[in-house]
Structures are given as C-alpha cells and as structure tokens.
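J.: Sequence:
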Amino acid sequence: MKDPGGSGYPLTREITESAQLPVFGDMVPSGAVLMLVAAFCVWLLVERTSTGIKIKGAGSSASASRFAGVSMSRVTILVMAVAGALAGLGGAVSLQGDQHQVGDFFSPGWGFDAVAVALIGRGTATGTLITGIAVGALRSGIQSAQGTAQVPSSIAQILLAAAVLFVIVGNAEGAGQLVRRSWIRTRGLASD
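So the sequence shown is numbered by my numbering: it starts at 147 and just counts up by one.
Calculated directly from the structure, the hints in this document are not laboratory data. Every value quoted in this text rests on a predicted model; they were computed, and no experiment measured them. Glycine included, C-beta positions come from ideal geometry on N, C-alpha and C. None of the hints are false.
Label pairs and their in silico Cβ distance ranges:
| # | residue 1 | residue 2 | range |
| --- | --- | --- | --- |
| 1 | W256 | V179 | 15 to 23 Å |
| 2 | S196 | Q247 | 37 to 45 Å |
| 3 | R159 | A295 | 31 to 39 Å |
| 4 | I314 | E193 | 21 to 29 Å |
Based on the sequences and whatever the hints tell you, model everything.
T.: Here's what the structure looks like:
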C-alpha cells in the first residue's frame with residue numbers, strides 16, 4: 147500500500163478517481179452534503195425518538211434512567227456505535243473527498259477539535275453543526291492568513307481554547323448561581 151513515489155514519506159497510494167467523492171457545481175463538496183445529512187439524522191434520533199429520550203436521560207442522570215428501567219449498557223453501546231460510525235464517516239469523507247491518500251498529515255488533531263466543537267455546541271446537534279462550521283471557517287481563515295500575513299497557525303488553537311474556557315466558565319457560573327439560590331431557599335425555610 148506504500149506509495150513508491152512518496153519520496154521516503156509514509157504515504158499510501160492515491161485512491162482511484164472512481165472512489166473519490168464528487169464535487170457539486172464548482173465549490174460544494176459532497177462531504178458537506180453528507181455532513182448535513184448525518185447531522186439531521188442525529189438530530190432526528192435524539193430529538194424525535196424514544197431512543198433519544200433514553201439517551202438524553204442517561205446523559206442527564208444515569209441513576210434516574212436506571213430507576214426508570216433504561217438499560218444503561220444498551221444506551222452506552224448505542225451512543226458509542228453511533229459516535230464511531232460518525233467518526234468513520236468523517237474519516238472516509240476526508241480521505242475520499244479531500245486528501246485522497248493517507249499519510250502522517252491525515253487527521254491532525256481533529257479528535258481534539260471535535261470534543262471542543264461538541265462542548266461549545268453544548269452537545270446539541272444544531273449547536274455542534276453550527277460550531278463545527280465556525281471552527282472550520284476559523285481554521286481555513288487562519289491557513290489563508292498564515293500564507294498572506296504570516297499569522298501563526300497556533301492562533302486557531304488559542305481561539306478555540308478561549309471559546310472552550312468561556313463555555314466552561316459560563317457553565318460553572320450558572321452552576322454557582324443554582325447553588326446560591328438553593329442555599330438561600332433552604333436558609334430562608336430554616337429561618338421560618
């Protein structure tokens with residue numbers, strides 16, 4: 147599978163043109179269409195099915211879901227299988243639609259970006275989709291700016307990390323407010 151013309155770099159041979167994903171029109175890659183279809187399917191699963199209710203319940207409170215009769219192992223296996231299938235789809239789309247061969251450049255830290263995107267998108271299909279598009283635009287813009295204005299590529303990582311920190315701090319502040327309200331309520335009841 148090693149490309150003999152790879153100049154010593156670990157590369158596979160380029161996939162044949164018949165296995166490459168087409169581009170619609172001039173600029174719309176079929177991978178973008180597949181991404182939208184996959185996001186819609188996940189949204190349907192989570193928001194419009196009883197399985198989605200079980201998934202949300204298991205994510206919110208495992209003990210309450212267990213008490214309600216939900217099989218946590220079944221939900222966990224389902225969620226992991228769907229996540230694995232989506233990761234595989236993403237890798238296949240990247241290989242067949244953009245890269246066309248596998249080398250050490252393939253998937254440079256995309257898993258870390260995916261976790262950040264899901265966190266910033268607050269775990270919802272719509273939020274994750276919008277955040278994913280925004281992070282993709284950020285990365286693309288930084289690559290363009292790197293070539294023209296010598297902007298370091300680490301700027302994208304810094305901006306992504308800052309966004310994650312803002313989400314974490316926002317969640318912590320919200321949790322702190324809930325604790326304060328609860329404390330005030332219980333203190334008010336105790337003084338009565």
